[in-house]
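Participant: Sequences and hints are given; from them, build the entire structure.
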Amino acid sequence: MEALVPDGIARTVVMAAPRSFCAGVERAIDMVDQVLRQRGAPVYVRRQIVHNAHVVAGLQDRGAIFVDELDDVPDGSTVVFSAHGVAPAVRTEAGRRDLDVVDATCPLVTKVHSEARRYAARGDTVLLIGHDGHDEVEGTLGQIPGQIRLVQDAAEARAVAVADPGRVSYLTQTTLAADETSTVIDALRDRFPRLAGPDTDDICYATTNRQEAVTAIADRCDLVLVVGSANSSNSQRLVEVAARRGTPAHLVEDASRVRPEWLVNARTIGVTAGASAPPHLVDELVTALAGLGPLTVTEHRTSEETITFVLPPALRPAP
Numbered sequence: 001m002e003a004l005v006p007d008g009i010a011r012t013v014v015m016a017a018p019r020s021f022c023a024g025v026e027r028a029i030d031m032v033d034q035v036l037r038q039r040g041a042p043v044y045v046r047r048q049i050v051h052n053a054h055v056v057a058g059l060q061d062r063g064a065i066f067v068d069e070l071d072d073v074p075d076g077s078t079v080v081f082s083a084h085g086v087a088p089a090v091r092t093e094a095g096r097r098d099l100d101v102v103d104a105t106c107p108l109v110t111k112v113h114s115e116a117r118r119y120a121a122r123g124d125t126v127l128l129i130g131h132d133g134h135d136e137v138e139g140t141l142g143q144i145p146g147q148i149r150l151v152q153d154a155a156e157a158r159a160v161a162v163a164d165p166g167r168v169s170y171l172t173q174t175t176l177a178a179d180e181t182s183t184v185i186d187a188l189r190d191r192f193p194r195l196a197g198p199d200t201d202d203i204c205y206a207t208t209n210r211q212e213a214v215t216a217i218a219d220r221c222d223l224v225l226v227v228g229s230a231n232s233s234n235s236q237r238l239v240e241v242a243a244r245r246g247t248p249a250h251l252v253e254d255a256s257r258v259r260p261e262w263l264v265n266a267r268t269i270g271v272t273a274g275a276s277a278p279p280h281l282v283d284e285l286v287t288a289l290a291g292l293g294p295l296t297v298t299e300h301r302t303s304e305e306t307i308t309f310v311l312p313p314a315l316r317p318a319p
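Taking my numbering, I'd label the letters of the sequence shown as residues 1 to 319.
What the hints contain is simulated information worked out from the structure, not anything from laboratory work.
Some hints here could point you the wrong way.
As the list claims (entries may be wrong) - Pairwise CB distance ranges, derived in the manner of DEER restraints:
(1) V264 <-> R301: 54 to 60 Å
(2) T287 <-> T308: 26 to 32 Å
(3) R91 <-> I307: 22 to 28 Å
(4) H280 <-> R194: 32 to 38 Å
(5) R194 <-> E261: 51 to 57 Å
C-beta atoms are modelled at their ideal positions from N, C-alpha and C, and glycine is treated no differently.
Facilitator: In structure tokens:
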């Protein structure tokens, strides 16, 4: 990959805030960390604990073994479920195999699972707005197999078939773009006027906050760089939000992935990070940009985040 070469051009970096880790991600990573400290390696983790290659690599170095399915976990071993959640069938299989389960599902994903079961129990067809194949979507669809249907966009919303148009509910993946999701919900409501939905938005606070922050800076930037992994839904949505404002935007795993041609005409660069991207990667990106020439760094904050999720009692560090 072509290295960034100093060019002496003065630039400004506008840091969107909030950015980087959210409470659910921090809790999930801390849970794997505490299991490794308390029980030692190896510790098995079903799927990526969060969708970030650097986080996964760091935990692998300490003895975490990431597997796609429980078939790869020896009977009786410790296994951590990722922040994205799992279907009940996975829990049943873990019990059958006598696995010691540590559940790192984000509490906001658990909320969606509870809503799915509640809507299905009252006889509704449940429509899940989300992306096919995402770990979170697989877990939610598995809550009530056959009674939850995936709707990916407004076109699918206008075509989906239900048994009773008067008994339809919707849920959403927690990491979607708020504006696009609203379009899908509107399309569903046009077809199903009695459509029911959650009392509070399923799109998580961190996803919404990061999208609002990017929206606030995009118009004043020539380029937006989003730190995050390609399989991170919330990071991908940040790129899309900036692009819809007319600002070129790119997702980068880290500073080494920035292409020099992106910076040729960029004098003001917006920087943010998805909720699963470590803060140090943002710092390293800014350092790399500072190596090009004079750099002014400012921050534009649109909200404060005070939410924290505590660890389960068994995993809390000793006082």
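Participant: With reference to the structure, classify each hint as holding or not holding.
Facilitator: A quick look at each hint next to the structure:
no.	hint	in the structure
1	V264 <-> R301: 54 to 60 Å	violated, 29 Å
2	T287 <-> T308: 26 to 32 Å	holds, 29 Å
3	R91 <-> I307: 22 to 28 Å	holds, 26 Å
4	H280 <-> R194: 32 to 38 Å	violated, 49 Å
5	R194 <-> E261: 51 to 57 Å	holds, 52 Å
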